[in-house]
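Chemist: Sequence:
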Amino acid sequence: PDLTVEQAAKEAGVEITGYARVAVGEGVEKKQEDFAAEVAKTLAG
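Numbering (the working numbering), first residue to last: 2 to 46.
Hints are computed from structural coordinates only; laboratory data are not their basis. Keep in mind it's a predicted model, so treat the numbers as computed, not measured. Careful, some of the hints might be misleading.
[To be verified] Cβ pair distances, simulated, as ranges:
1) Glu30 x Ala10: 27 to 35 Å
2) Glu16 x Ala38: 49 to 57 Å
3) Gly19 x Glu39: 36 to 44 Å
Where a beta carbon is used, it is the ideal one built from N, C-alpha and C, also for glycine.
Use the sequences and the hints to build the structure in full.
Modeler: And the structure:
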């Protein structure tokens, strides 16, 4: 926590040209399935 992004970039010899903030789970698509169909599928084997 004592190292800033600016300091890390200077130490690495790189230049930050942009950034993106991503929240936990953002962009993760979860497949929606009908619960009854899922149970029937599981019981069918």
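Chemist: Hint by hint, say whether it matches the structure.
Modeler: Verification of the supplied hints:
1. Glu30 x Ala10: 27 to 35 Å: holds (32 Å)
2. Glu16 x Ala38: 49 to 57 Å: The hint (49 to 57 Å, Cβ to Cβ) holds, given that glutamate 16 and alanine 38 are roughly 52 Å apart.
3. Gly19 x Glu39: 36 to 44 Å: This hint holds: roughly 41 Å between Cβ atoms.
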